[in-house]
Amino acid sequence: MEITPAHYALLSAALFIIGVVGVLVRRNIIIIFMSIELILNAVNINLVANARHLENLVGQVFVVFVIAVAAAEAAVGLGILLAFFRNKETVNIDEMNVMRW
Amino acid sequence: MSNTANFPLLSLIMFTPLVGAGVLLFVSKPNAIRWIANGFAMLGFLVSLPLWFWLDTTSPDWQFVERHEWIPSIGAEYFIGVDGFSVLLILLATLMGAIAVLSSWTAITERLKEYYIFLLVLQAGMIGAFVSLDFLLFFVFWEVMLVPMYFLIGIWGSANRLYSAIKFFLFTLVGSVIMLLGILAVYFYNHEVTGVYTFDITRFHELNMPIELQTWVFLAFFLGFAVKVPMFPFHTWLPDAHTDAPTAGSVILAAVLLKMGTYGFIRFSLPILPEATRNAVPWVVALCIIGIIYGALVAMAQTDWKRLVAYSSVSHMGLVMLGLFALTPVGITGSILQQINHGIATGGLFLLVGVVYERRHTREISEYGGLAKVMPAYAAVFLVLTMSSIGLPTLNGFIGEVLILQGIFVVNKVWAGFAATGIVLSAAYMLWLYQRTMWGTVDNPKNEHLPDLNLREWATFAPLLILAVWIGLYPKPFLDRLETSVDRVMARVSSVYPPRNVLHDDGQDAAELPALDGDVSDVIEIPVRGGAR
Amino acid sequence: MVETIVFYTLSALILGLGVAVITTPNTVHSVLFLVMNFLCVAVIYVVLEAEFLAVIQVLVYAGGIVVLYLFVVMLVNLKRDPEAHQDPRRLSLVGLALAGAVLLELAGIVVYSYSREPSAPVAAAAASPVQGNVEQIGWLLYTDYLIPFEVASVLLLVAMVGAIVLAKREL
Amino acid sequence: MDLIWLIPLLPGIGAALNGLLGVRYFSKRVAAGVACVTMGGALLLSIGAFYQLLGAEHREHVVTVAQWIPPIPLATASGEIGAFEVPWAFRLDPLSGMMILIVTGIGFLIHLYSVAYMDHESRGAYARFFCYLNLFCFFMLMLVLGSTFLVMFVGWEGVGLCSYLLIGFWYHKQSASDAGKKAFIVNRVGDWGFMLGIFLIFFTFGTLDFRAVAEAAAEMPVEVGGFGVLSAICLLLFVGAVGKSAQIPLHIWLPDAMEGPTPVSALIHAATMVTAGVYMVGRNAVLFSHAPMVMQVVAWVGVLTALLAATIGLVQTDIKKVLAYSTVSQLGYMFLATGVGAFGAAAFHLMTHAFFKALLFLGSGSVIHAMNDEQDLRRMGNMRLYMPVTFITMFVGSLAIAGVPPFSGFFSKDEILYRTYLNNKLLWGLAVVTAGMTAFYMFRLIFMTFFGEYRGPSWGHQEGEDHAEAHAAADDGHDADAQGHAWHGPHESPGLMTGPLWMLAVGASVAGLVGIPAAFGFRNLIEPFLEPSFTAGAAHEATEHAESHLLEWGLMGFSVLIAIAGIALAYHFYVRRPERSEQLAKHWAGAHRWLTNKYYVDELYGATAIKGTIGSARGLWTVDRHVVDGAVNGAGWLTRACAWVSHVFDKYLVDGMFNLLAWVCTEGSYVFRRVQTGLIQNYAVATLFGVFAFVTMYLIARYVG
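Residue numbers (this note's numbering), protein chains in the order written: chain A, 1 to 101; chain B, 1 to 533; chain C, 1 to 171; chain D, 1 to 705.
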């Protein structure tokens, strides 16, 4: 049985949804961040798979950029997290509602 | 046109206070603000001094002229220049401006920066109005003056300041809006006749408008200027504004701003609308005489020191207007000189009130008494300025009064008789004031230790006293400077008096003046189809 | 055949590890599962002939980012259970249901579209003068995608500065 | 003579020095020195100038110092364009020559006198006093030397100012400050007329120069039986003279002016300033002699003033008030003289009056000084024992004023009476009655002061009470040092005060000799000397009258009799039978009350002019506040009312609609607000729902649609 891009797409979709569920369900914000990494990885898999399928390296180039963005996101996000934690002593997203008003 | 180099002296005089105001924006230490404001006010006076010396008193031309495009689409120009009359008023404005700034050194303690900026902007506005030869430019400056004065009264004034400030502003604004209509009427009429859109008043001075239009425009101008003077029924803003303004504001208001009204009459109403002016003489004179007597009597009934001086202003300005509408050279000369005198005497009296107000924070006459005992120098200065105000010979007020009354006397003896009662009444209320404040015993314990004039206060009064005596004993330098200005007006409003300066009749100068021969009725042959509609 | 086996094995690992990441109560464990997950993805890249990305995945993701997470987990010295407090108004179940629905839909789209209309290979970009995966990506990055590349570097710089500013107690 | 402008200037400089520096820095000695030296200088210059004038061929000299008001064109009555021009010009002619001698001479003596009299003032007040006094002399000399009407007016108003300042010198006293103000304002009423007169003169003649006006007026016909422009001018000028010289109806200020220090009363309110009116009328003799109607008015005003003032003087008890009414009365005499055309006699009487009235005032000052500022005649008596010099000199003065030959007053008064008799018998009768009264009240004063029993406060051993009382009676203006030294009873004044008294006494005795009537066989010196000042140039009228000397002798004898009768009556009432005067006063209580209250003129003015002015002032102030300002505020109110209406419209109708919309939004938001939980993940769910929706739409569009 040949492995088609559709397989990779399904894998990607499944990983993506796992990430989404992590974002939606967990209350520990560190884990939510990690879920976001999962989502990005899902996207990357899709890109790479299609790059091979279409015999075009642009997809891979995009992955490089996605990784760069992910790194930036992780750095800034965790920085915010640390600053917040220093003030509030919590990483529970349900307690992070200061911006609500 | 000008007899001096192309140096923009007038602009320099006008912008010096503005530069000062600009510099003040970046200063925040109170004493630095004071020094800088005083410095620029003094500088403003110093740069205006050359006008006195460089003015050619024999030339009937406009001098120190500067002319640049401003709003070419409607023909408005930055057109400024002076003659002897405006030179005297400019000098008065710069001198009184410097004195007013100096007098505020300790009187004003809050919002210093804004205060001094307003004073300096006000001064620039006044000078601008006095030098404008473009009617629109004049109007702009005329309105510019209102704003700083409004804030000076409204922010640094006393008890009832907001009411007074708004009254002052609205009153003047109503007058000036109607005046603007008059200006536009002249403007459009001028276009209709000459085909040129311009606000150049030297051109307006050569205009001969139909009598109906003249009458309407005269009424419009009259309302604008008479409010500012102020003439009898339009005077009620003055006592309020004076009473509630800070000292420096009162001084500027009395010494210079009121002169805007009379300046307007001499510069605009009379020469542009000669016929209507002649027709209006009995009415205006009636208002003047009522104003003289009425102002004096009401002054007599005052219990507030400053308000008394304010009403005396109404009386004196009535006299000034009377001299103006005598339409004789002597009357107009006297009227102009009396404007200067009024600036010196009444400005000085307001300064004097300010001195005790700063010490006691009350203006009720009954609170004072016996000040001659505790403040002898103050009493002496007050005496001199009082005498100047009531026209004692050897002091300045007398020259103006005599010229005005003589000028009106040859026109109508009864008018002069009534107007001259003002000298009795003015003596009555001023001496009564003097008696109640300076003489008597020191009944009020609060007055027992009032300090006499200090050096700074002396510095504000000294120039006024010197001027009062100078004009009283030797007014010739002043009167000489007025000669051509008066002749310019007389040439328009009367065919009786020839100009005095036909000495250098090389043809060119004579052409500057409108033709004299024949009365005006046959000059109105220019085809007119109704003025501006 | 080998590819099929490798694919399914890796897919199972990736998905299982992913579920482990989001379900483990212990954060440290969660991070470790994440590392493994990334490594598996790197292997997928190798299968997909993207050797350069595989290396990057290991070095940057597994080596850099995840270590960052570990540091944060250690810095955030939790005295109480981070999930203790729960807001009564949160809609986790609705989210879960929606996520499931979306997954089904996506799966439907994928299956349906790939079975109906297999796509043809797209014409390759301008032939590059170099051979080999790493060289070709490098070529592309430094020619056609130079500007995005530079922008990405600026982005990283900004992120770095921002992270420092945020994390530092006082400047 | 070219230096005559220095004559006024010297006292002016003195005043400036004392005023600017003296009040602060000069010691008493320096202040007095400055004042006296400048006055002395002016006196010497005056004598020199007068001497030169006597020797000059043409006894008129005009010095123009500078231009004051440069020429400005102005129409005149003739229709031509004249030039209003006033130079600072001074004129020396016989009349002004005489006047400057009087002013500087008497002024100098009074300066000397004041040095001692004012000695108990504080240093600052002392310098201030001399500043004012010098300033007065400056203006007075300007007045008499001025060559044009306007320069004269400068002096005219200036002396008014000085009078005001000196009357109010003790400004802490309410009465003094009132009197000063009253003097100035009443004078201003007169000045109103004077000023209009000046304007009319310019309008008529096109010039303000005395000589030019006189020459022009001489050309005009005498306005017999008509009231022409010359009469109008003269009447207006006379209003000025009435104010300055305290004639009816403006005489009220002069008695009050006695609030000033006594030397001031002597100099200003007796010898010089108040005679300025007479001087002015004399200066314009040509004008007046062309207006016979006005001359009649002048004569009648003069004689009535003389009579009324003399009657009031009969009952006054304040020593200075008596002299004040006497002054008013004598001024009336002078106006009577001018009114009947005897300008020379008026000027002559002016001069003699200056001597004897200054003498009397200074004498009374000496008495007041000695009595520690007691002015009431009823509290004096027998003073000749304590102060013989004062007594003798004052006695001489009284003889002079009463008209006893050969003292000066006799000659001048007799000249007036004689000329009046020639003009109008009724006027003469009134004048003679006045002369009798004058003799009576003057000797009443002398007898009450210097004869009889001493009625004043005691001193010495029982000092305590009386001393305190005396000080209470005296004003509190005398500063610390006055309180310090005790009063040791009446005493003769120091030499600086008696010296001037002696000199003036000599003057009062012999000054009349320059005007001995022709009937005595001597030449009358003064009238021909003054004549050129009263005529216009060549027009020299023959003033010799054809009446016989017999008539003159008769009249003279009669007036001497009258004077002696007055003196005798006074002796009878106040020395021999002092109680008779009181009985008389009781007997004529009504008349006595009228006289002591000065015919209630002050009250009349108070009730009419002053009340009227103040009342109308208050009324107009109310009008101004409520009507004029009310109109303004009403306009403001109307604007605000309109504004309020449109405000209501705007607020409830226009704005209402928008508010409704906003209200709906607000209320609606309460519903939607619940969605905002603040939980990020709920928002993420919403996003996911969006994704779900889009994907579903895609599916539907792609595969179903």
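Calculated directly from the structure, the hints in this document are not laboratory data.
Keep in mind the model is a prediction, meaning the values are calculated, not measured.
All C-beta atoms, glycine included, are put in the ideal place defined by N, C-alpha and C.
Hints are supplied without guarantee of correctness; some may be wrong.
Unchecked claim - Below, computed lysine to any residue pairings styled on SDA-like, alpha-carbon distance capped at 20 Å:
hint	chain 1	residue 1	chain 2	residue 2
1	C	Lys168	A	Glu89
2	D	Lys173	B	Glu448
3	C	Lys168	A	Ala6
4	A	Lys88	C	Val111
Stated by the list, open to error - Some but not every residue of chain A turned toward chain D, in silico, with C-beta under 10 Å:
hint	residue
5	Leu24
6	Arg26
7	Asn97
*Contradicted hints - numbers only*: 3, 4
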